[in-house]
Amino acid sequence: MSLQGKIALVTGASRGIGAAIADTLAREGATVIGTATSEAGAVAISERLAPLGGFGMELNVTADNAIENLIEAIEKQHGPVAILVNNAGITRDGLLMRMKDEDWDAIMDTNLRSVFKASKAVLRGMMKARAGRIVNIASVVGVMGNAGQANYAAAKAGIIGFTKSMAREVGSRGITVNCVAPGFIDTDMTRALPEAQRDALVGQIALGRLGAAQDIADAVAFLASDKAAYITGQTLNVNGGMLMP
Amino acid sequence: MENIEARVKKIVAEQLGVNEAEVKTESSFVDDLGADSLDTVELVMALEEEFECEIPDEDAEKITTVQQAIDYVNAHLNK
Ligand SMILES: NC(=O)c1ccc[n+]([C@@H]2O[C@H](COP(=O)([O-])OP(=O)(O)OC[C@H]3O[C@@H](n4cnc5c(N)ncnc54)[C@H](OP(=O)(O)O)[C@@H]3O)[C@@H](O)[C@H]2O)c1
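First to last, the sequence lines map onto chains A and B.
What the first sequence shows, in the numbering used here, is residues 1 to 245, in sequence order.
What the second sequence shows, in the numbering used here, is residues 1001 to 1079, in sequence order.
Next up, chain A with everything else stripped away, as it sits in the complex (with noise of 0.2 Å):
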């Protein structure tokens, strides 16, 4: 198992994409501590890592020095992060005519601001240690544009150009940093779309279908892997040939 005895975080794996994930890195050998919301959430994330070696944190990454907290917490009991997840993220949609402040801020801070608080506090451990793995979810709507998305594809096109920026500035110390970009992939996310709309999506992708959370966790596993030692400042599409930029 490649990942052995590296302590690996993921934000919001209490369920979709993020469980996937987590999961799969704690089978491939990591010490996972995947974050949820609730309690109850993370009561369940520790009981679901348990057999695989990994356990459960409530984060809610809006909240005030909530994710800087946290990793510390981890950090002093656990020993470094050496792989970081930003998978946290939330929608708030709606045409841009009526699209509220606080649709937007919301998505900022949820999804953008999060990705450089916790990849800042990890960043000590990962300098010392002169190697670190950060994988952040974008999202095919970043690299594409979404009517109804403005907000959640500035975000995501915003984690993109902060994924190469970081990779530029830590790269001299071992230290990757990319994006995995999904298409559309069945989560509770996705299945809070119209059907029609689902529908119209499917028949622009080449593999004709949604893509599954596990697609999306084994392209991270890659990513958090040695395999991908020389990979930094990349996206990697996993959208099945929804688009081919």
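Please note that the accuracy of each hint is not assured.
Claimed, not checked - Label-pair ranges, simulated between beta-carbon atoms:
(1) A:Gly-29 <-> B:Gln-1067: 43 to 49 Å
(2) B:Glu-1026 <-> A:Pro-51: 55 to 61 Å
(3) B:Gly-1017 <-> A:Glu-72: 24 to 30 Å
(4) B:Gly-1034 <-> A:Lys-76: 33 to 39 Å
(5) A:Lys-76 <-> B:Gly-1017: 26 to 32 Å
(6) B:Asp-1071 <-> A:Asp-109: 37 to 43 Å
(7) A:Gln-77 <-> B:Cys-1053: 22 to 28 Å
Think of the hints as simulated: they come from the structure by calculation, not from any bench.
Idealized CB from N, CA, C, for every residue including glycine.
The hints should help you fit chain B with the ligand onto chain A, whose structure is shown.
Then chain B with the ligand, alone, in the frame of chain A:
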């Protein structure tokens, strides 16, 4: 005093991967010891750990030579 100077020089040598003999009190991290901007940030982090203190960013920016690091530590520690 000398003790602090020796500790600072040791950390500078370790962090910047230079010989301890090359580290003079008047040495500038960037101009004489070949540090880049990330090296200087790491150096401050290492000083913080060695002397168990927190160096605010505005102070850290002013620490560009070995002497300045020694002065900073002397001024802010063991009071
Ligand atoms: N599904 C897709 O088709 C798709 C496509 C492209 C990109 N993505 C991206 O993939 C990531 C995961 O998406 P998903 O589909 O798996 O979403 P999901 O099923 O809705 O799960 C979202 C996860 O994020 C957590 N979360 C939400 N708000 C949070 C906050 N303020 N602080 C901390 N955690 C928070 C949730 O925790 P709780 O369970 O505690 O609420 C949950 O674990 C997101 O970044 C999303 O943008 C998804």
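Going down the list of hints, with the structure as the test:
1. A:Gly-29 <-> B:Gln-1067: 43 to 49 Å: Holds - the Cβ-Cβ distance for Gly-29 (chain A) and Gln-1067 (chain B), about 48 Å, lies within 43 to 49 Å.
2. B:Glu-1026 <-> A:Pro-51: 55 to 61 Å: holds, 60 Å
3. B:Gly-1017 <-> A:Glu-72: 24 to 30 Å: holds, 28 Å
4. B:Gly-1034 <-> A:Lys-76: 33 to 39 Å: Given about 34 Å between the Cβ atoms, the range holds.
5. A:Lys-76 <-> B:Gly-1017: 26 to 32 Å: The hint (26 to 32 Å, Cβ to Cβ) holds, given that Lys-76 (chain A) and Gly-1017 (chain B) are roughly 29 Å apart.
6. B:Asp-1071 <-> A:Asp-109: 37 to 43 Å: Given a distance of about 41 Å, which is inside 37 to 43 Å, the answer is holds.
7. A:Gln-77 <-> B:Cys-1053: 22 to 28 Å: Cβ of Gln-77 (chain A) to Cβ of Cys-1053 (chain B): about 24 Å, so the range 22 to 28 Å holds.
The structure fails none of the hints (numbered hints given earlier).
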